[in-house]
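Novice: Put together the whole structure using the sequences plus the hints.
Mapping the sequence shown onto numbering that gives the first Met the number 0, position 51 (from 1) lands on 50, and the numbers just tick up by one.
Since the hints were derived computationally from the structure, they do not count as laboratory data.
Take the hints with a grain of salt, since some may be wrong.
[Unchecked claim] Taking CB as the label site, the calculated pair distances span:
1) R97 / T49: 23 to 29 Å
2) V96 / V51: 23 to 29 Å
3) T95 / V7: 34 to 40 Å
4) P2 / T95: 41 to 47 Å
5) D94 / R52: 26 to 32 Å
6) R22 / R97: 30 to 36 Å
No residue lacks a Cβ here, since even glycine has one placed at the ideal position from N, Cα and C.
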Amino acid sequence: MRPVIPYVIGALLFGAGVYGVLRRRNAVLVLMAVELMLNAVNLILVTADTTVRATLPHGGQVFALFVIVLAAAEVGVGLAIVLQLYRLRASVAVDTVRLDAAPASELDEPRVIT
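Specialist: Listed below in C-alpha cells is the structure:
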C-alpha cells in the first residue's frame with residue numbers, strides 16, 4: 000500500500016473534524032469532532048511510524064497511545080462539563096453559553112448573614 004493514501008485519509012478526517020468544531024452548535028457534536036481530529040492524528044502518527052525509520056523504534060505508535068489516553072481523559076472531562084451545563088441551562092447549545100459573566104444566582108444581591 001502506498002503511504003500517500005493514509006496521509007490523505009488522515010487529512011480528510013482532520014478537515015472534517017475542524018469543520019465540525021467550527022460549524023456545530025451542540026457541545027456533544029463538538030466533542031465528537033474533536034475526537035475525529037484526534038483519530039486523524041493517530042492515523043498519521045502510525046503511518047509515519049511505518050514509513051519513516053527513525054532512531055526511536057515504534058515512536059509513532061507510542062505517541063498514538065498517548066493521544067488515545069489524552070482522548071479518553073478529554074471525553075471524561077468534556078462530558079462532565081456538558082452534563083453540568085445541561086443541568087444549569089437545560090441546553091447544550093454552545094452559542095448560548097456566556098463565558099464573561101457569573102451565573103444568574105451570583106448576580107443577585109449578596110446575602111447578609113446575621
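Novice: Flag every earlier hint the structure violates by its number, smallest first.
Specialist: 1, 2, 5 and 6
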